[in-house]
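Make the full structure from the sequences, and use the hints.
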Amino acid sequence: MNDGPGRAPLLRARALHKTYGTTHAVQGVDFRLMPESYVTLLGPSGCGKTSILRMIGGFEDVSSGMLELEGQPLNKVPAARRPINTVFQSYALFPHLSVAENVAFGLAYRDLGREAQRARVEQALAVVRMQDFAARRPRQLSGGQQQRVALARAIVNEPRLLLLDEPLSALDRRMRKDMQIELKDLQRRLGVTFLHVTHDQEEAFALSDWIVVMNRGQVEQQGAPQDIYRRPRSAYVADFIGGSNVIPGRITARQGEEARIETALGPVVAAAEESLRAGDAAALCVRPEQFGQAAGSAFEAVVTHVVFAGSGWHVELRAGQQELAAQFTEPPETGAALRLGFDPARVWIARAGEAVA
Amino acid sequence: MSRTGNWLAAPVVLALIATCLVPMGVLFAYSFFQVDFVAINTDPTLKNYAKIIGSETYRSLIGRAFLSGAVVVAITAVIGYPVAWFVARRGGEWKSALLTLLLVPLYTGDMVRIFAWRVILGAEGVINRFAQWAGLITEPIQVLLFSPIASHLVLAYNFLPFMVMGLWLGYEALDDALVEAARDLGAPPVAVFRRVVLPMTLPGLIAGGMMVFVMVVGDYMTPQLLGGASGVTVISAINDLFGTAFDWPLGSAIACTLLALLGLFLAVAAYALSRMNLGRSLISGEA
Chain B
901 MNDGPGRAPL LRARALHKTY GTTHAVQGVD FRLMPESYVT LLGPSGCGKT
951 SILRMIGGFE DVSSGMLELE GQPLNKVPAA RRPINTVFQS YALFPHLSVA
1001 ENVAFGLAYR DLGREAQRAR VEQALAVVRM QDFAARRPRQ LSGGQQQRVA
1051 LARAIVNEPR LLLLDEPLSA LDRRMRKDMQ IELKDLQRRL GVTFLHVTHD
1101 QEEAFALSDW IVVMNRGQVE QQGAPQDIYR RPRSAYVADF IGGSNVIPGR
1151 ITARQGEEAR IETALGPVVA AAEESLRAGD AAALCVRPEQ FGQAAGSAFE
1201 AVVTHVVFAG SGWHVELRAG QQELAAQFTE PPETGAALRL GFDPARVWIA
1251 RAGEAVA
Chain V
644 MSRTGNWLAA PVVLALIATC LVPMGVLFAY SFFQVDFVAI NTDPTLKNYA
694 KIIGSETYRS LIGRAFLSGA VVVAITAVIG YPVAWFVARR GGEWKSALLT
744 LLLVPLYTGD MVRIFAWRVI LGAEGVINRF AQWAGLITEP IQVLLFSPIA
794 SHLVLAYNFL PFMVMGLWLG YEALDDALVE AARDLGAPPV AVFRRVVLPM
844 TLPGLIAGGM MVFVMVVGDY MTPQLLGGAS GVTVISAIND LFGTAFDWPL
894 GSAIACTLLA LLGLFLAVAA YALSRMNLGR SLISGEA
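Heads up: the protein sequence lines correspond to chains B and V, in order.
Just so you know, we're using the numbering used here here: the first sequence kicks off at 901 and counts up by one.
Just so you know, we're using the numbering used here here: the second sequence kicks off at 644 and counts up by one.
Only some residues are given here: those of chain B computed to face chain V with a beta carbon under 8 Å:
#1 GLY957
#2 PHE959
#3 ALA979
#4 ALA980
#5 ASN985
#6 THR986
#7 PHE988
#8 SER990
#9 ALA992
#10 PHE994
#11 PHE1005
#12 GLY1006
#13 TYR1009
#14 ASN1057
Bear in mind the hints are in silico, worked out from the structure with no lab data behind them.
Yeah, the Cβ is synthetic: ideal placement off N, Cα and C, and Gly gets one too.
Below you can see the structure in the form of structure tokens.
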């Protein structure tokens, strides 16, 4: 995407490793953050995403590998001297200081007059619409308000890179949606690169220009959200990102973009991940909404559970040994045998792999 | 609370009154009497208090006791912060073992510790002999022992565990994310301590400091055995007035004055503590 010629990356991670004792939290991770982009590190807990964030912030030493900011090595620079600021998961607002004093905290280490400082604090609070709360203490604010103050405290220093560690995880669902829009909007207005760590794939899709999917300390896939959603490289990504049905099988033929896969649901010819060759183990990925009760359908499945899911009905089925999840507009009878199918032009064949733990 | 509970608590309350409040009351009453040759004149008078206020000696003894308290609080705080940090943040599974170890010197008794320090600090002591052997000095350094240096050093050594306990509690209540946030915002190490660690651990510092201060003011064995000419303290003066001069009323008056000043000091410290968020949570136990 934004990897065009002439654009240097803002931050580059090369063969990044982090080891705690005998635990290898991060195992050889490479990625680039382009200027003015919103990037998400996405993965389940324990996948190493927070360790990466903490190494970039300067709170953890890099075990091996390189971090470069605008071409300059970053490994040995102390946290206090990195032009990078962090929004912590717990917000980490100073409880003994007022909102304005919290926001002004970092400005003391810059060559700014008292007046200029105050103007910057006011401006930053206005950006997050908290100017009326300047005199309050953090404990007098709601979670969403504390979140905004934490944002103001970080952006007032005009960082080159803003790190956000699961910033929305403590908020309720409604507030989270609102804050997602605000975060994206803020990133566009400020033109600062945001690196956001989350385990919530919906959040990643809503915010990101670029998603780095992590699994067990390694990058499983990275790319634009649409690419990752449509063409997940592995069964792991398909499951984690789209909640796809992952149906194991084996490639029997490969031609151009497409491949033929033998599965428990029968043979399917569909677009396939580029490295797959005849004989490889692979996985057919079908998202729940792609199943339909069409004429000339391919296989028979028995309904095991039906759950109302607001916009439709979430239906669990069993086809032989294979369990499937589907989304229907009308509820079928539990125990009914249905003939199901899907449009091969819309499904995808990914590399086989472990499922999400 | 039920009626039975009140009755069950009654013996304790009575014991406290008999063993604590009554002697204090007697002491307080004596401070208004006068010595008449060898008898005690029980006509109430404020002469004893007037004497204390008018006496350069007693005023300076009380002042010195408070100064010693402040100095020892400062010394124990400077040493205690790194120790408390280590126990709280690096102690891991050894935390309770470390805290117990910290208290072990207290089990040995004052006299043993004081004489141990004599062996270390004396003219023929470990430090002087080593420095002479190493060629750093030719004559033993006399001020090491029987001087204010010696008594304050040993007072700090004696009461350090209490300061560490207070500071350790302070560190346990400090969220590491706040320290990281301060570093993230560009604060150099000294500023991280001054602007975040110090205010956040202040309740622990005040709690530890109050204990150390009160104990230093009340200690007289250490200055007497190690302080040399500076060994005369307000407590030893009270001891002399009761023991050798038989001027119980004046002794009582000095004791009451000291008690009142300490009470005032504690009240100010407790007020300061209650004004702070963390102090409130420590006192009332609310999160």
